[in-house]
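Protein chains in written order, with this note's numbering: chain A, 1 to 371; chain B, 1001 to 1466.
Treat the hints as calculated values from the structure; they're not laboratory data. There could be a bad hint or two in this list.
Derived CB-CB ranges, DEER-like [unchecked claim]:
1) 1332/B / 213/A: 49 to 55 Å
2) 1367/B / 2/A: 55 to 61 Å
3) 1059/B / 366/A: 54 to 60 Å
4) 248/A / 1145/B: 58 to 64 Å
Not everything, but these chain A residues come out facing chain B in the computed CB check (under 8 Å) [said to hold, decoys possible]:
5) 8
6) 18
7) 20
8) 22
9) 23
10) 37
11) 40
12) 56
13) 62
14) 63
15) 165
16) 203
17) 204
18) 206
Derived DSS-like pairs: lysine-lysine, alpha-carbon spacing no greater than 25 Å straight-line [what the hints assert, rightly or not]:
19) 1419/B / 1356/B
20) 1041/B / 1202/B
21) 1226/B / 1173/B
22) 1146/B / 282/A
23) 1041/B / 282/A
Since the model is a prediction, treat every value here as computed from it, not as a measurement. Backbone N, C-alpha and C fix where the C-beta goes; we use that ideal spot for every residue, glycine too.
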Amino acid sequence: MHGTRILDEADRLMTVCNSCRYCEGLCAVFPAMEMRRAFSDGDLNYLANLCHACGACYTDCQFSPPHQFNVNVPKTLAVARTESWAAYVWPRAFAGAFARNGLVISLVAALSVAAFIFGFAAWHDRQVLFGTHTGPGAFYKLMPHNAMAALFGSAFLYAVVALMMGVRAFWRDIGEPVGMKTDASALLQAIRDAGELRYLDGGGVGCFNEDDRPTDRRRFYHHFTFYGFALCFASTCVATLYHYLLARQAPYAWWDLPVVLGTLGGIGLLIGPIGLLAERSKRDSVLVDEARYGMDVAFIVMLFLTSLTGMALLVLRETAAMGPLLALHLGVVFSLFVTMPYGKFVHGIYRFAALVRYARERRAMAQGAGE
Amino acid sequence: MANLSQKFDVLVIGGGNAALCAAISARRAGASVLVVEGAPKFYRGGNTRHTRNMRCAHDAATDILTGPYTEEEFWDDLLRLTGGQTDEELAKFMISESKDILNWIVKQGVRWQPSLGGTLSLGRTNSFFLGGGRAMLNALYLTAEKLGVEIVYDAEVTDLQIEDGMFLCAKLKQPVDGAAEIRASALVAAAGGFEANVEWLKEYWGEAADNFLIRGTPYNRGTILKMLLDKGVQDIGDPTQCHAVAIDARAPKFDGGIITRHDSVVFGIVVNKHAQRFYDEGEDIWPKRYAIWGRLVAAQPDQIAYIIFDASVRNSFMPTLFPPIEGGSIAELAGKLELDPAALQKTITEFNAAVKPGTFDHTILDDCRTEGITPPKTHWARKIETPPYLAYPVRPGITFTYLGTRVNRQARMLMKDGKPSANMFAAGEIMAGNVLGKGYAAGIGMTIGSVFGRVAGREAAKNARN
């Protein structure tokens, strides 16, 4: 017996699947399952986070509903996944954020945007807020760079610490030693697997969405989203280096590296989330954790808004709309940062950790077999 | 929704591997094709749902096969496992055709993978479907749909009109769309055997058949086979025989599939409801022992038996769907199994006393054996003495039947007078008895289905055009 109903169900399914094994070529979950005969809570949470929700094992399963064995691995692991994030969250007091995530994210986003608008309005008179600012340091007329860097640096640092604490709890629960620094090959393998979303391909044909015809669209849109996000993040980092190392102040010209990276990333972060949202709404409800719809949508929309406000700021930065748009953009980005450890963003972190462990296990198995 | 009032070139009855291979091959040859599947969409495909591999001849190792499996070796295997109950011409034809099936089936969307964990013994001979039998079926259905094959589900054929060996039309009953009469220029019967038809099984097995469990869907009732044999098609294969393995007695009556099987016989002893052993548990290695225990249990009172082993071997075989029943003592275990405790204690004590020392190796016929008891356990015999004591209750699980329709190399049915039918073909389990008169080898049913399905579809299309 496990701590929760969903882990009991996951255990039941893994027992069914472990006596069948037809799906072992589809992804990493089933080979990882085969390495065990019994499943602790941590094992099940590991398998849940290893699952990329491609749905192939449901469509391929001779025991999926309406069969009386009622095998629905994607849905069960999706629910277990969300519950695992709540179980490992830091601080524990915020565990409830996952259950009503749509509400939490909306509130934090609204409050952040409001705070920036209110702050800009309180600090400056109307002429500054609605004025036209151009040339180096234009943004900092509304908010000094150091204040901006300190605020966002702290928010980001907080998110990093909270995420690390959560993953640390996960890592311990699945029985892995903390102190993985030395295992470079497992890390590289996991980076490769995550980078290409290797296990979202349904074993090669694509994932299952609205019917039994596999497509690769989700992987395609996820790549746009992920690499878009990465480029935007790189843009911010380069800009920060420009500022402190080269004493070059934003805004930068359209051809300058931060703008090029940010624009490319921004485009990805517009197309990707729209596609993912469309795919999410089309997906057969039998495959997904329906209670998590709010969380999925909230995160996708936040990424989209981050890009949309950023791109609007780029286009309109030399007009009177710059001030309000800057407040809007900073508000969205701030709320994205502080809610990172308490929403869908964590899926990437936990899945990566699971992939690292899987790479280690695979190698250990291969070495064992070779001896 | 298919327009059922048009005349089709080819009507395929059935919805498994053989039916879909026939439909695809007929469609690719230019025929209009209707597939009539008796099961609802989820249960489509008959026994194919539960399969996982196919046995095809090949001259060299491939990405997924560890070494060659020549036509000669395949034929030797078939000859041995059927004890010669096979049509040599048809069997050799099938084996020869199986080589190309490895590639042909991939062109129909099916994907291969290396043998699954726990099935290393098949890695050289058998190609496994990525995702299993239902994944294979899904791929074939998608391909058939893309090619324009019409498919109706939940459609039971209630009558076939056949005159002088010529198919005229089929009567169809559908719960939603009502009755229909299907006209077609040629018929491919690929509707499986009668393993789910307990009344039919009772004709040969008597009341014992009530205690059989059916490993596949409840839709394998053999109605098409019966109609064909009643209307003048020549039969082949022993009607009294079926392929049965020992499966967990707690499995559902139908469709428990592969996960209810037990292959732990070699690790312990098997007793009947009187707590008596009845057969040498160490006679042979997999897969032969796998294939005999269903029939052995069927011959025991109430068609039930118990595999008894102890804690020392608990993790020596693949994990099972149903956990073993446990007892801290032999008496406690007997109580849980509702066996006579004294009788079980006596059986185990006598067995333990007869075990001779040896070196255990379950992958070969080792030297661990008993002496002085009947029946002996000739290999893998070790004392049952480490509590907790464990048991799996098992019953016969019927997989498929051998009775079928006689066909020739074109997969064309032969009539009772020996003449080939004008326009009727058969593929899959419904004609497997031509090649597989008895016995079993992993993946051979799928070979029969794909090879003869492909041939039947091609010939039926040719027939329809002439």
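Right, here's what the structure says about each hint:
Between residue 1332/B and residue 213/A the Cβ separation comes to about 54 Å, which falls inside the hinted range of 49 to 55 Å. Between residue 1367/B and residue 2/A the CB atoms are about 44 Å apart, so this pair departs from the stated range of 55 to 61 Å. At roughly 29 Å, the beta carbons of residue 1059/B and residue 366/A sit outside the given window of 54 to 60 Å. A beta carbon spacing of about 60 Å between residue 248/A and residue 1145/B agrees with the range 58 to 64 Å that was offered as a hint.
Here the hint on residue 8/A is broken, as its CB sits about 14 Å from the closest CB of chain B, past 8 Å. Evaluation of the residue 18/A hint against chain B yields a held restraint, the C-beta minimum of about 5 Å falling below 8 Å. Given hint, residue 20/A at the interface with chain B, holds; its Cβ is 5 Å from that chain's nearest Cβ, closer than 8 Å. Because the smallest distance between the Cβ of residue 22/A and any Cβ of chain B comes to about 3 Å, under 8 Å, the interface hint for this residue holds.
The beta carbon of residue 23/A is positioned within 8 Å of a beta carbon in chain B (closest approach about 6 Å), and the interface hint is therefore held. The closest approach between the C-beta of residue 37/A and any C-beta of chain B is roughly 5 Å, which is under the 8 Å cut-off, so the hint is satisfied. Interface restraint check for residue 40/A: the shortest CB-CB distance to chain B comes to about 15 Å, outside 8 Å, so the restraint is violated. For residue 56/A, the interface hint holds, the least distance from its beta-carbon to any beta-carbon of chain B being 6 Å, beneath 8 Å.
A least Cβ separation of about 5 Å between residue 62/A and chain B falls short of the 8 Å threshold, and the interface hint therefore holds. Because the beta carbon of residue 63/A sits about 7 Å from the nearest beta carbon in chain B, less than 8 Å, this interface hint is met. The interface hint given for residue 165/A is broken, as the beta carbon of that residue sits about 35 Å from the closest beta carbon of chain B, more than 8 Å. The closest approach between the C-beta of residue 203/A and any C-beta of chain B is roughly 5 Å, which is under the 8 Å cut-off, so the hint is satisfied.
Checking residue 204/A against chain B by beta carbon gives a least distance of about 6 Å; that is within 8 Å, so the hint holds. Hint on residue 206/A is violated. Least Cβ distance to chain B is approximately 12 Å, over the 8 Å limit. At most 25 Å may separate the alpha-carbon atoms for a hinted pair to count; residue 1419/B and residue 1356/B exceed this at roughly 60 Å. For the given pair, residue 1041/B sits about 29 Å from residue 1202/B by alpha-carbon distance, which is inconsistent with the 25 Å threshold.
A distance of roughly 17 Å separates the Cα atoms of residue 1226/B and residue 1173/B; the hinted pair therefore holds under the 25 Å criterion. Among the hinted pairs, residue 1146/B with residue 282/A is consistent with the structure: their alpha-carbon atoms are about 22 Å apart, no more than 25 Å. Annotation: proposed proximity of residue 1041/B to residue 282/A holds, straight-line Cα distance about 21 Å (limit 25 Å).
The structure is inconsistent with the numbered hints 2, 3, 5, 11, 15, 18, 19, 20, although it conforms to all the rest.
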